[in-house]
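Novice: Residue numbers (UniProt numbering), protein chains in the order written: chain C, 1 to 105; chain X, 1 to 207; chain P, 1 to 406.
Derived by calculation from the structure, the hints in this document are not laboratory data. Worth double-checking, as some hints may not be accurate.
Listed below are the simulated SDA-like cross-link pairs for lysine to any residue, each with C-alpha atoms no more than 20 Å apart in a straight line [stated by the list, open to error]:
id, chain 1, residue 1, chain 2, residue 2
1, X, Lys-138, P, Phe-300
2, P, Lys-88, P, Pro-167
3, C, Lys-18, X, Ala-160
4, C, Lys-50, P, Lys-88
Owing to the predicted nature of the structure, the values given are computational and were not obtained by experimental measurement.
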Amino acid sequence: MLQIKCPWCGLRDETEYKYGGQAHVAYPEDPAALSDEEWAQYLFFRDNPKGPFAERWVHSGGCRKWFNAVRDTRTYEVLAVYTNNDPRPEISPEITATGVAAGGQ
Amino acid sequence: MADLTTLQGLRRSPLQDMAAELRNGSVQGDRAVLLREWPFLTMVNIRVEPGSETAGRIEGVLGASLPQQCGDVTGDGAHSVLWLGPDEWLVISQAAPESLVGSLQSAAEGGRAQIVDVSANRTVVEVTGPGAREVLEKGCPTDLHPRAFADNTAISTSLARVPVLLWKVDANTFRVMPRASLASYVGVWLLDAVAEFGPRASAVEGV
Amino acid sequence: MANSMPGEHPEWLWRDPDPKSSYDAVVIGGGGHGLATAYYLAKNHGMTNIAILEKGWLAGGNMARNTTIIRSNYLWDESAAIYEHALKLWEQLPEELDYDFLFSQRGVLNLAHSLQDVRDSVRRVEANRLNGVDAEWLTAEEVAKVCPIINISPDVRYPVLGATYQPRAGIAKHDHVAWAFARACDAMGVDIIQNCEVTGFIKDGNRVTGVETTRGRILSDTVGMVAAGHSSVLAEKAGFRLPVQSHPLQALVSELYEPVHPTVVMSNYVHVYVSQAHKGELVMGAGVDQYNGYGQRGSFHVIEHQMAAALELFPIFGRAHLLRTWGGIVDVCPDASPIIGATPVDGLYVNAGWGTGGFKATPAAGWVMAHTMATGESHELNQPFGLERFTTGHLIDEHGAAGVAH
């Protein structure tokens, strides 16, 4: 089971959270102006990387707030959590390449 | 407006039908655990920008600050204020709901705030005694050890996989607050969970 | 049938060739679908100068991890057509491949637990019948006649109100299926190349001309991506995106027991499915873990939930012991239907997005993928399953029929 650190409540079990998929997907400013292909991209296509992934979680069993996390989809390690107002944190190229930080863990 | 006095007389608490079961099913001995519903406490949900002028006026009515950290509880008797989220709190009180909600809404008037009477949303199950923590640890994913979970701490978490508010008053006193519709499930779960901690009260008293 | 018995097969069922520098067609992925694709490329289209490139070992991904349920009782015409085609192929494959892979048509029950569940199920039975799929609606008492160990008591939280029943559905032994296809492919001259990971695509303009691999460059102007779990990773290397998300999907088996469970039971509502393998293990699974993950493992509470659901339906399992749990990686599409067809890159075709239920479709997926690769045109059965449906909006929503992973 994952343990995720809610920005407000601290470390809690995964069972208190719901997953929200890729983060930083903005609603199109003018949906009516999009082509069918562009609308399909917005509606159905999401990144699916094997490695660090910025994603949304909601602490539904706690403070009920949405927040973002960068989690490695290979190791499931949560590399960073941040609020919706924060920019996506930088993840070191080393972790991106290998899934583990220097010196192992 | 409806005659609230009459309605109060008709009101039934979520665990009213389990009162005797909870009493008789409590266990005695070195690790005694007493189960009891505390019905009809007034509960008011507050949402407001913390630190705002409106929040200040609300705090004035409550006679307590709105706690700023997860787990924190403020207030000293009349009203207790539990942290639910960075902009959400639950007031638990023995004051009449209509008067408390009325004064809070007056204080919030003109500001951006939400004051809602949620007294019927949850009930309170008091779990007390030297075995209380161990019983709850059987079904709660949060670390309840005193090194991690201090006296007078309240959090949203789960018990037996259903969402509850859990308020630790002191080492041997916990208040479990499930939603009304899940209260009997939590009650039945607790009756089962306490069984291994000592003889049932009914057996001891010969009820 | 002159089937060889499992366990009596020769030591090597296929060669272990080095890759040639070029092939008429290359299939990426040596799982069930990749093997079936190569088999039908050779058998139906006479293409034998072809290779299967497998990054690990043959049938070591989802083909090794699935729970082997075979059925065709899907709701929509497009789905019923392709899954029923698969079931008809399953019925002839043991003889055709001369390999008894323990295909057992023991039926499947899809339980209904609420009034809406009943309505949806009856609707699906009627839709199935219109499409020539054998389907019946059973009352709870009739369910108990098919499978006496199901708890049909009205006292449980979600009582069994009835079930859809497809008698021709069943299970097969997945690794034997892979070996049967591999032997047949090899005999027709297909190179099965293991430990050969595709690391990039070679393109001439927008046309694929080959692949870079960990065993060198292999040229081919017809390439099929059949790499469930890693479809997005490959698509990214080829320069396009797929509307799939990769999730962990877990399953479990009990220790070996005497035969107690005569059919396959699935419940979307209580959320578990259970069959009993030939050796005696109870085989169970349910839904995906909620998060994206390539780790071939999931969270234990998901397993715990599956077992709780199984106990609700089968009180007799109360003293059964869990033997092992495992996980695979499934590509899930927004409409719970697969993607089979052309990609934005000429000459590059994709078979992906089967979510939790690709095993049952293995022969039909291979059949239509082979047709698509050999002719450059979709077969009528996979025409509706192209990538373009996400732009046209013609989705094939099978969340109901695929509601519990299987």
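Novice: Each hint: holds or not?
Specialist: Status of each hint after checking the structure:
For the hint linking Lys-138 of chain X to Phe-300 of chain P, the alpha-carbon distance of about 17 Å falls within 20 Å, and the restraint holds. For the suggested pair Lys-88 of chain P and Pro-167 of chain P, the alpha carbons sit about 13 Å apart, so the restraint of at most 20 Å is met. Note on Lys-18 of chain C and Ala-160 of chain X: the hinted pairing holds, with a Cα-Cα distance of about 18 Å set against a maximum of 20 Å. Between Lys-50 of chain C and Lys-88 of chain P the CA atoms are separated by roughly 37 Å; this puts the pair beyond 20 Å, and the hint is violated.
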